[in-house]
Amino acid sequence: MVALKYFSAFIYGFCFLYPLFMSWLWITGSLFYWFRYEKKYSNPEQVPDLSIYPRIALIAPFYNEEDNAEETILNLLEQNYPNFEVIAVNDCSRDNTANILNRLAHERVNLRVIHHLQNEGKAVSLTTAALLTDAEFLLCIDGDSLLDHNAARWMVRQFMRSSRVGAVTGNPRIRTRSSLLGKIQVGEFSSIIGLIKRAQRTYGRLFTVSGVVAMFRKSALEEVGFWSNETLTEDIDISWKLQIRHWEVRFEPAATCWILMPETILGLWSQRLRWATGGAQAIVKFANIWVNWKSRRMLPIFFEYALSVIWSYAMLATIAIYFLHFFIPALDPFSVHGLIPEWSGLLIATTSMVQIGIAMWIDARYDKQIWRNYAFTIWYPIAFWILSMLTTVVAFPKAILRSNKVRGRWVSPDRGLQ
Amino acid sequence: MSSEKNIQVTLLNDRPLIFKKVRHHSRSELFISLLTNALGWAIWLYFWKVLLTSIAWYFGLRLAYDEWVIYGGWKALVLFLEFTAPYGLALCLVLWVWAIQDIWRFQKDIRRRDVRYPSIQADLLWTTISRQDLEKARTEKILECAHDANGELSYVAPHN
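First to last, the sequence lines map onto chains R and P.
Under the numbering used here, think of the first position of the first sequence as 1, with each following residue one higher.
Under the numbering used here, think of the first position of the second sequence as 1, with each following residue one higher.
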């Protein structure tokens with residue numbers, strides 16, 4: 001009974017301390033990144049001039065994107081880079097996307113279009129485009145996003161600085177801010193996704209590039225066999241494959257990409273469930289790094305993700321025990337007397353506000369209106385941990401049970417209330 | 001084109017870059033959205049109850065006294081700061097020390113100096129089409145492709 005009491009006290013402490021310590025780690029890691037790299041080298045007012053401009057391909061896969069295809073392509077064609085081609089991959093869309101892309105291809109010189117005869121999924125679309133170009137670097141975006149005109153210069157500069165760099169991920173910024181869900185995701189992309197990327201780069205490895213805006217060295221992709229078809233999140237998978245083969249994956253915050261995100265609960269849930277399943281798939285797929293000494297640098301990233309999975313289950317169990325102990329006296333030995341203790345609630349709340357504040361202060365350079373969303377992101381820390389907990393709990397068994405032979409295909413959720 | 005210097009994207013038909021105005025929200029949806037946000041703030045203020053009641057205590061209320069003294073809140077906080085918080089801070093310090101040694105290490109240690117250019121031979125490993133077909137396809141403007149069951153590119157031809 002005593003052991004049980006200590007065990008439950010340990011779990012209860014873990015539920016509280018894990019998000020708190022991770023938050024401290026993200027804040028301090030991001031501040032290091034900001035002062036050491038970003039402040040000086042990623043100033044969006046000083047667009048870099050490169051000594052050479054290697055050929056790049058801007059790749060955008062499309063599946064039923066008739067509402068956004070033209071805007072995405074015309075925006076890509078305005079890229080401020082002297083040596084590029086745009087490749088649009090139509091993944092067997094059932095709407096008017098094919099006709100829009102064909103018309104644009106006839107009108108524009110450096111646009112090429114690839115039509116798939118069957119729907120093959122994003123990973124296959126990217127691999128096909130990569131094989132059908134002779135460009136040295138591939139900048140991949142989603143079919144509904146707007147890449148900043150200077151993004152390619154910022155990203156190529158990272159490759160020019162080190163021959164070890166295999167991929168560079170950009171900075172996704174949210175366009176859909178008309179509802180509470182949209183606004184809190186603005187806070188999320190800065191305070192969670194942005195800070196994690198900075199903190200992980202401070203360490204030297206990334207859990208994932210942002211699939212919506214990432215540039216790859218083609219020779220690195222050739223070495224790792226391009227994108228994997230079976231994964232639900234091709235971005236996580238390719239990031240791990242590259243880093244396990246000792247390619248560096250960097251973050252370039254000045255390479256912004258303006259994206260549409262779901263603004264309905266159902267859309268958000270389905271998107272996050274896919275992300276969580278993809279993360280779990282990667283953890284299962286790359287678990288053998290623990291027996292490979294050469295992959296030791298990925299271990300902390302793996303460990304961090306594994307802890308988040310354990311936390312999700314521990315938190316769910318804690319919540320369940322808390323509510324059940326009102327009805328089942330036998331559960332009293334578990335030391336769950338309240339979900340948010342008074343002084344630790346204060347600590348968590350203050351830490352969250354500081355974290356969001358620092359994230360917005362850093363990102364305000366790329367997204368000047370970001371502060372307008374500060375008051376609305378109040379929900380985010382609570383919503384994030386609950387959403388993260390529920391999606392992880394559902395996704396992990398799904399990832400384990402999912403066959404590796406099943407192709408990773410999905411339909412995009414809603415694109416906000418435009 | 002955005003008027004802000006740091007944001008440069010091309011937009012169609014005067015579409016805004018940031019969608020701030022709600023087009024098909026009803027008044028009730030807007031009301032629910034604002035109410036939900038207000039509820040979020042209420043929860044947050046609850047988290048800050050200890051702090052707020054401390055201010056109130058200054059003005060003569062006893063709630064903070066109960067939280068901090070009667071229920072032993074200050075002891076728990078001191079215990080946390082004394083015995084637990086140092087682990088978190090140590091974790092942050094480890095990250096900084098690691099990052100500094102990493103910078104120092106890779107100033108001297110330059111890896112992958114022999115990085116090669118992409119090669120068509122390497123690409124051919126990942127497709128079943130011939131070298132001639134692949135080279136030709138790279139010059140075409142509009143293509144159609146098919147893939148085998150494993151997702152490997154197996155057919156490519158100009159699109160009519």
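Keep in mind the hints are simulated off the structure, nothing from the lab.
Errors might be hidden in some of the hints.
[To be verified] To give an idea of the chain R side of the interface with chain P (calculated C-beta under 7 Å), a few residues:
1. N75
2. L146
3. S219
[Stated by the list, open to error] Quick list of in silico lysine to aspartate or glutamate cross-link-like pairs, DMTMM-like style, CA-CA up to 25 Å:
4. P:K136 - R:E71
5. P:K21 - R:E71
6. P:K20 - R:E70
These figures come from a predicted structure and were not determined experimentally.
Each residue gets a CB set at the ideal place from its N, CA and C atoms; glycine is no exception.
Outcome of the hint check:
1. N75: Hint holds; R:N75 Cβ to chain P Cβ min 4 Å, cut 7 Å.
2. L146: OK, holds: R:L146 within 7 Å of chain P, min 4 Å.
3. S219: 5 Å, holds
4. P:K136 - R:E71: Judged against 25 Å, a Cα distance of about 29 Å means the pair is violated.
5. P:K21 - R:E71: 20 Å, holds
6. P:K20 - R:E70: Holds, at about 22 Å.
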